[in-house]
Amino acid sequence: MSKLVYLAILYCLAGAFVRAQKSSADEYVTGMAVLGRPGADSSCPPIVWVVEPDTPAAKAGIQPGDRVLAVDGHRGIDIVQARPLLRTNDPKPSTIELDGEHGPYTVTVGRIKASVLNEREGFKQGPDGGWYPKNATEAEMQRVSKFKETSAIEKVFPVSHYPANLELYYPGFEIWVWKAPQPMTVGGIEHGPAWNAGVHYGDAITSVNGVNPRGKSVPELEQLFSSLKPTRMMLVIDRDGAINTFTFELAKASDVATANHKRMYESKMIPSVGPPAYLHCWETPPKSP
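With positions in the sequence shown counted from 1, the corresponding number in the working numbering is that position plus 204.
Treat the hints with care, as some may be off.
[Claimed, not checked] Simulated DEER-style distance windows between Cβ atoms:
hint : residue 1 : residue 2 : range
1    : R287      : H465      : 46 to 52 Å
2    : W382      : G280      : 42 to 48 Å
3    : R279      : K352      : 33 to 39 Å
4    : R279      : D332      : 48 to 54 Å
5    : A481      : R347      : 43 to 49 Å
[Unchecked claim] With a cut-off of at most 25 Å between alpha-carbon atoms, the simulated SDA-like pairs for lysine to any residue come out as follows:
hint : residue 1 : residue 2
6    : K328      : K338
7    : K433      : K472
8    : K338      : R324
9    : K359      : E371
Just so you know, these hints were derived from the structure itself, not from any lab. Quick caveat: nothing in here was measured; it's all calculated off a predicted structure. Note that beta-carbon positions come from the ideal geometry of N, C-alpha and C, so glycine has one too.
Construct the entire structure; sequences and hints are all you get.
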């Protein structure tokens, strides 16, 4: 597997998993997001991506970019093996060995309920176990839980929710185009202009600056949803029959990426943390002959 796996504590940490995640409300976490490549060896250990403030991980002094060497004595673990060690049903603290800016160190890290962190960030758990914005209705949660990303026939801004040109100004989400008559919808959404205005993952897009996007090609949609200079966007969406209009300033894609702890590398988005010596961990491995 070449796909990166993100071990996230929060639904909203990144667009890669902004779709509602299913997890137990009773899970205990350390307060950090860790990511890495399944099956990677010790040259590419799991890397701390985000440390949420006022959490056990933050209080222990763990920093973004630190590498996880061992959890409770388990060494040489990849991201898949790390997950059940860092997200548990047991509130017992863990002993974590890391390699940071000043070398290896060991800390004892307490636990906090994942639900506490999600609720702190403005989310609630839906009937399917996923996490949704607190103002999501029952109808919205049921609809979103049935989304199958792979069923979309086209995607706009598919580079982990960003345009290939990070100098463009855009709303901070990718657009999913479905087979007619299903309307196009907001796909992966980052912390950015649209999210801050109240747009949700899965919202059906009715018009953009007064223009109906239906039937337009991907290049036309890219132009419609982005700009070479700062501008405002008026986005009309249909959320289960309720028509909502959101008006907001577009943001430069590079600034949105920075705010979401990401950067571009080899035409894909990677975490903005981690020493240069670990850049090879985000490279796509060659295909087997």
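Now for the hints, and whether the structure bears them out:
At roughly 19 Å, the beta-carbon separation of R287 and H465 lies outside the given 46 to 52 Å, and the hint is violated. Between W382 and G280 the beta carbon distance is about 43 Å. The supplied range of 42 to 48 Å therefore holds. In this structure, R279 and K352 meet the distance hint of 33 to 39 Å, their C-beta atoms being roughly 38 Å apart. The hinted range of 48 to 54 Å is not satisfied by R279 and D332, whose Cβ atoms lie roughly 36 Å apart.
With their beta carbons about 44 Å apart, A481 and R347 fall inside the hinted range of 43 to 49 Å. With a C-alpha separation of about 5 Å, the suggested pairing of K328 with K338 holds against the 25 Å cut-off. Restraint check for K433 and K472: the C-alpha separation of about 23 Å stays at or below 25 Å, so the hint holds. Under the criterion of a C-alpha separation no larger than 25 Å, the hint pairing K338 with R324 is consistent with the structure, at around 11 Å.
Straight-line distance between C-alpha atoms of K359 and E371 comes to about 19 Å, which keeps the hinted pair within the 25 Å bound.
Of the hints listed earlier, those the structure fails to meet are numbers 1, 4, in rising order.
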